[in-house]
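*Asks:* Residue numbers (the working numbering), protein chains in the order written: chain A, 1 to 111; chain B, 1 to 115.
Derived from the structure by calculation, the hints contain no laboratory data. Be aware that a few hints might be false.
[Stated by the list, open to error] Among chain B residues calculated to face chain A with C-beta under 8 Å, some are:
#1 L39
#2 P43
#3 F45
#4 Y48
#5 N51
#6 S66
#7 P70
#8 V103
[As the list claims (entries may be wrong)] Covered stretches of chain A, as calculated for chain B (at least 3 residues, CB under 8 Å):
#9 18-26
#10 31-42
#11 67-78
[To be verified] Straight-line alpha carbon distances no greater than 27 Å define the calculated DSS-like cross-link-like pairs of lysine-lysine that follow:
#12 K103/A with K57/B
#13 K71/B with K37/A
#14 K50/A with K103/A
#15 K68/A with K50/A
#16 K103/A with K11/B
#17 K11/B with K50/A
What you are looking at is a predicted structure, and each value in this text was computed from that prediction instead of being measured. Note that the Cβ used here is the ideal one computed from N, Cα and C, for glycine as well.
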Amino acid sequence: QQPVQSPQAVILREGEDAVINCSSSKALYSVHWYRQKHGEAPVFLMILLKGGEQKGHEKISASFNEKKQQSSLYLTASQLSYSGTYFCGTESEGSNYKLTFGKGTLLTVNP
Amino acid sequence: DTGVSQDPRHKITKRGQNVTFRCDPISEHNRLYWYRQTLGQGPEFLTYFQNEAQLEKSRLLSDRFSAERPKGSFSTLEIQRTEQGDSAMYLCASSFGNSGANVLTFGAGSRLTVL
Numbered sequence: 001q002q003p004v005q006s007p008q009a010v011i012l013r014e015g016e017d018a019v020i021n022c023s024s025s026k027a028l029y030s031v032h033w034y035r036q037k038h039g040e041a042p043v044f045l046m047i048l049l050k051g052g053e054q055k056g057h058e059k060i061s062a063s064f065n066e067k068k069q070q071s072s073l074y075l076t077a078s079q080l081s082y083s084g085t086y087f088c089g090t091e092s093e094g095s096n097y098k099l100t101f102g103k104g105t106l107l108t109v110n111p
Numbered sequence: 001d002t003g004v005s006q007d008p009r010h011k012i013t014k015r016g017q018n019v020t021f022r023c024d025p026i027s028e029h030n031r032l033y034w035y036r037q038t039l040g041q042g043p044e045f046l047t048y049f050q051n052e053a054q055l056e057k058s059r060l061l062s063d064r065f066s067a068e069r070p071k072g073s074f075s076t077l078e079i080q081r082t083e084q085g086d087s088a089m090y091l092c093a094s095s096f097g098n099s100g101a102n103v104l105t106f107g108a109g110s111r112l113t114v115l
């Protein structure tokens, strides 16, 4: 099943913080976060693995609650360049490397 | 490393015609994925390969769709007898398969418009 993202959209002023949530009904092996700007390919931001390993960017952090099958992406001191659509992608236990994406969260950062 | 390349970037076709998209993954990547994305939606999984083997195909995928990855290098996605509902962005992604992180690198996509 497709993971559920919230909120669907958020508007910020430069310097403000945002949290984007992703939840799944399945037991997860990993959660991936990607950002897509209009007309461009999704770009990898962060991966969180079951067991706590985390790989990603400097100014963006994330958490993974394995018991609740939830992940949150934290964007602090937002910059104009953070604008775009954020997708979480999930690998379920036994999914054999298949990544299923949520519908996305549109983030707009204004000056 | 030139990234993931997709060709053509745009394709306009008439309903009923066949179309083929090509994806060239990052050379050392052994996994290759095809996704479809429509406006306002996340990428929808279509199929994926590990080397030349097609390991999974979406149950939602019509028999009109077929994908190949001969010799485990580039891949093609063919859509036969296109329908207007096939209009979408077709994204290819590749990854290097080892234990742990399976990070996908996406290509810029092939946009299909069926008239």
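*Asks:* If a hint holds in the structure, say so; if it does not, say that too.
*Replies:* Verification of the supplied hints:
no.	hint	in the structure
1	L39	violated, 11 Å
2	P43	holds, 5 Å
3	F45	holds, 6 Å
4	Y48	holds, 7 Å
5	N51	violated, 12 Å
6	S66	violated, 19 Å
7	P70	violated, 21 Å
8	V103	holds, 5 Å
9	18-26	violated (count 0)
10	31-42	holds (count 5)
11	67-78	violated (count 0)
12	K103/A with K57/B	holds, 20 Å
13	K71/B with K37/A	violated, 33 Å
14	K50/A with K103/A	holds, 22 Å
15	K68/A with K50/A	holds, 12 Å
16	K103/A with K11/B	holds, 25 Å
17	K11/B with K50/A	violated, 40 Å
Violation of the numbered hints given earlier is confined to hints 1, 5, 6, 7, 9, 11, 13, 17; the remaining hints are satisfied by the structure.
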